[in-house]
Amino acid sequence: MKPTDTTPTNTDRSKDGRRTTFKSILLLAFLGLAVFGYLRFGDDLTLDNLANRESALRDYRDRSPILVIGISLAIYVAVTGLSLPGATGLTLAFGWFFGFWQGLLLVSFASTAGATLAFLFSRFLLRDTIQSRFGDRLRKFNEALKREGSFYLFTLRLIPVIPFFVINLVMGLTPIRTWTFWWVSQVGMLAGTVVFVYAGSTVPNLSTLAEQGVKGILSPQLLIALVLLGLFPITVKRIMNRIRRHRHLA
4 MKPTDTTPTN TDRSKDGRRT TFKSILLLAF LGLAVFGYLR FGDDLTLDNL
54 ANRESALRDY RDRSPILVIG ISLAIYVAVT GLSLPGATGL TLAFGWFFGF
104 WQGLLLVSFA STAGATLAFL FSRFLLRDTI QSRFGDRLRK FNEALKREGS
154 FYLFTLRLIP VIPFFVINLV MGLTPIRTWT FWWVSQVGML AGTVVFVYAG
204 STVPNLSTLA EQGVKGILSP QLLIALVLLG LFPITVKRIM NRIRRHRHLA
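Just so we're aligned: the sequence shown equals residues 4 to 253 in this note's numbering.
Among the clues, some could well be false.
Label-pair restraints from in silico Cβ distances [said to hold, decoys possible]:
hint, residue 1, residue 2, range
1, V173, S58, 40 to 46 Å
2, F112, F154, 36 to 42 Å
3, I227, H249, 28 to 34 Å
Derived from the structure by calculation, the hints contain no laboratory data. Predicted model, so just to flag it, every value in this text is computed and none were measured. Beta carbons: idealized from backbone N, C-alpha and C, even for Gly.
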């Protein structure tokens with residue numbers, strides 16, 4: 004029996020070259036779109052501009068609620084999916100504009116959808132190249148993520164030391180499944196989403212927030228929520244450490 008020849012053929016090399024070129028073009032297009040979006044719409048989404056249009060925005064929302072919700076969701080998904088700055092400000096704005104419960108529902112799903120888009124962009128454009136170049140060095144890391152990827156992602160979502168957009172892009176390079184990434188992100192980001200949407204919902208109007216800054220929305224309830232948000236990751240981390248110890252002992 005003759006050994007199988009695994010040497011890449013010219014056709015294989017040609018296909019790999021075309022695939023790499025295609026991914027490079029998509030990556031450049033993605034970066035270009037992100038820069039264009041920031042330069043074109045960054046100023047329009049500032050707090051001062053929104054405050055100046057507050058009355059008109061609320062009137063339009065009352066006349067066309069479904070359309071406004073659709074546009075708002077598209078904007079939030081685009082900002083998070085393209086890893087643009089401003090997600091925190093948008094979360095506050097959703098709480099102010101839609102109220103707590105509706106804002107919470109919209110932000111929770113829009114932020115997760117945007118994070119998953121960034122995750123998929125990273126996976127499609129970058130993962131094969133990174134894994135082929137550093138596969139040996141990443142083997143143990145990949146194996147650990149296959150076993151406990153959801154735990155690591157959940158911990159990162161609860162303890163926001165690393166910016167969320169970095170987590171989205173890095174996780175796209177790993178073997179973690181898309182569905183796992185979605186639901187863990189949805190649950191893990193919920194605590195922070197609750198606090199920021201609530202903070203936005205307490206804003207009487209955007210002019211107050213623009214003039215007075217954060218102190219314009221500070222209240223005893225919000226301060227308690229912020230303290231709980233700070234304590235929550237520590238509590239969860241201790242619980243997770245106990246769970247891990249029990250799993251290793253079992």
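Outcome of the hint check:
1. V173 with S58: 40 to 46 Å: Roughly 42 Å apart at Cβ, these two residues keep to the hinted range, so it holds.
2. F112 with F154: 36 to 42 Å: Since F112 and F154 have Cβ atoms about 23 Å apart, the given range 36 to 42 Å is violated.
3. I227 with H249: 28 to 34 Å: 32 Å Cβ-Cβ, so the 28 to 34 Å window holds.
Of the numbered hints given earlier, the model fails hint 2 alone.
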